[in-house]
Amino acid sequence: MAGTFAFAISGATAARKRNLDLFGICALAFTVACGGGIIRDLCIGAIPPAGLTNWHYLVVAIIATGITVGFFPVVEKLNRPVLLFDAVGLSLFAVTGAEKALHYGHNGEVAILLGITTAVGGGVVRDILLTRVPVILEKEIYASAALLGAVIVVLGNYLKWVSADWVAIIALIVCFTLRILALRYHWNLPTPANNKTDLDKQK
Amino acid sequence: MAGTFAFAISGATAARKRNLDLFGICALAFTVACGGGIIRDLCIGAIPPAGLTNWHYLVVAIIATGITVGFFPVVEKLNRPVLLFDAVGLSLFAVTGAEKALHYGHNGEVAILLGITTAVGGGVVRDILLTRVPVILEKEIYASAALLGAVIVVLGNYLKWVSADWVAIIALIVCFTLRILALRYHWNLPTPANNKTDLDKQK
Amino acid sequence: MAGTFAFAISGATAARKRNLDLFGICALAFTVACGGGIIRDLCIGAIPPAGLTNWHYLVVAIIATGITVGFFPVVEKLNRPVLLFDAVGLSLFAVTGAEKALHYGHNGEVAILLGITTAVGGGVVRDILLTRVPVILEKEIYASAALLGAVIVVLGNYLKWVSADWVAIIALIVCFTLRILALRYHWNLPTPANNKTDLDKQK
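Chains as they are written, first to last, in our numbering: chain A, 1 to 203; chain B, 1 to 203; chain C, 1 to 203.
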């Protein structure tokens with residue numbers, strides 16, 4: 001729930017900055033919070049998607065909208081805690097997404113791909129709706145942290161060295177730590193095009 | 001069908017203004033007319049989606065394309081009737097979308113969310129394909145009218161004060177009236193960001 | 001597989017040109033290669049989608065990323081062979097997409113629409129993620145070739161003049177030939193808006 005809330009806040013904040021109206025802000029908060037999970041549920045055949053049936057998500061989105069609209073200057077200053085919650089949400093969504101796919105009897109690759117999708121899908125849909133290139137494709141170790149978390153879940157469930165609960169906890173901690181370290185030290189994946197530009201400059 | 005046609009016309013007109021070719025115009029007309037319904041059918045497990053199996057939709061999209069391409073100056077002048085049909089389509093899609101979700105045994109929240117999705121989904125996909133921020137997120141009481149219509153359908157079916165047919169008729173009339181009044185008097189939902197800008201100006 | 005690879009290369013090249021990072025390039029290569037098939041599988045109820053369960057696709061996407069990043073100047077010069085593979089992929093995806101829909105017991109219209117979707121869906125998602133109007137909607141006989149291939153598959157399976165294998169081969173050849181001819185002679189579908197502009201100029 002903390003993760004859903006952080007995701008909803010990030011959606012509402014982005015929507016507010018683009019001058020959307022109240023409905024738009026609420027729709028975007030809901031989309032970021034539930035979009036990834038809905039895509040996952042469609043792909044594994046969990047119909048109707050949990051994001052639509054469970055009213056908690058909708059309430060969280062509405063509360064996040066209320067807070068973002070009512071206390072916007074405060075929310076803007078709270079950038080750091082929001083990023084923290086966002087990292088919590090990322091880890092939780094990646095791990096639970098991968099576990100749910102395994103639970104529905106799908107293989108490891110499906111679980112990894114859908115773990116990532118659950119974690120980053122909402123953010124991608126948000127960026128598409130606001131017509132910008134999804135930020136996760138451009139920079140920062142974000143989706144990669146989700147990938148690592150999902151891989152640990154899948155490996156853990158195949159190797160069965162420890163119980164499923166411990167696997168989930170380890171995956172959560174690794175994913176969260178990697179994301180926080182990447183934020184702290186501005187780690188980025190290499191961008192091939194930039195390397196080339198640098199080379200061009202050296203010539 | 002009138003609603004599908006109005007939606008297809010709106011898609012074809014938008015496509016034509018962006019210099020798409022014949023296939024693009026037809027694809028966009030079809031997308032706007034059926035996109036919302038297809039997303040709804042995927043979410044409630046009505047597979048394959050009605051928009052794909054029923055050739056009426058495709059024919060309507062092709063006819064709308066033909067009319068838009070052949071008589072573009074006329075269509076542009078018919079802005080008012082097209083908006084009227086569009087409001088009819090909005091109401092019909094919202095009400096039938098919510099009813100179909102209930103009919104498939106889903107709960108009220110799913111029905112409300114999918115009623116809105118059916119009504120506005122096509123327009124959102126159109127705006128995404130033409131790379132602009134979906135207009136329904138920015139202004140005007142459009143999705144909100146669909147929301148109201150879907151809520152009436154769900155409440156009516158729970159409370160059972162009147163028969164399901166009457167519920168649908170009341171929801172249609174309320175949704176249509178709200179949309180027409182919003183068009184007539186330029187009602188908008190409040191946009192928080194603008195309010196803030198106004199405050200800044202006063203300082 | 002040749003088609004998947006060509007599609008993945010086209011995705012990776014587009015992503016690299018937009019300065020995405022390694023993860024983004026790989027994600028886009030995978031999306032272009034599998035996006036159309038995943039949408040098709042969701043619509044016909046083949047869950048989980050083949051693109052997610054079959055690890056071949058993922059490996060192809062990763063290899064395509066590696067090649068594009070490692071040998072970018074070479075790939076850029078290979079524009080012609082990539083277009084050739086792309087035409088192969090287009091034909092294969094359109095025909096197999098239509099066949100799979102028929103195989104799942106859906107009617108001819110579903111098969112035609114999903115054949116096109118399989119063939120062009122990945123490219124449309126790529127353009128949406130890179131925030132540009134999908135190129136297939138604007139120019140060139142691309143989706144139209146896929147449409148023709150899918151129509152031949154459906155007609156062939158209804159009329160049963162020749163065996164299903166021959167139908168597939170004929171559809172492949174027609175679709176591929178049309179695409180190659182369109183590339184060679186720069187055939188475009190008429191764009192109504194441009195015609196009008198021309199008329200205006202003559203006045």
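Honestly, the hints are just simulated from the structure, not real lab data. Among the hints, a few may not be true.
Here are the computed distance ranges between Cβ atoms for each label pair [said to hold, decoys possible]:
| id | chain 1 | residue 1 | chain 2 | residue 2 | range |
| --- | --- | --- | --- | --- | --- |
| 1 | C | G70 | A | V59 | 45 to 53 Å |
| 2 | A | G70 | B | L181 | 46 to 54 Å |
| 3 | A | G45 | B | P73 | 43 to 51 Å |
A virtual CB, placed ideally from N, CA and C, is assigned to each residue, including glycine.
Structure-based check of each hint:
1. G70(C) with V59(A): 45 to 53 Å: For V59(A) against G70(C), whose Cβ atoms are near 49 Å apart, the range 45 to 53 Å holds.
2. G70(A) with L181(B): 46 to 54 Å: 28 Å, violated
3. G45(A) with P73(B): 43 to 51 Å: 49 Å, holds
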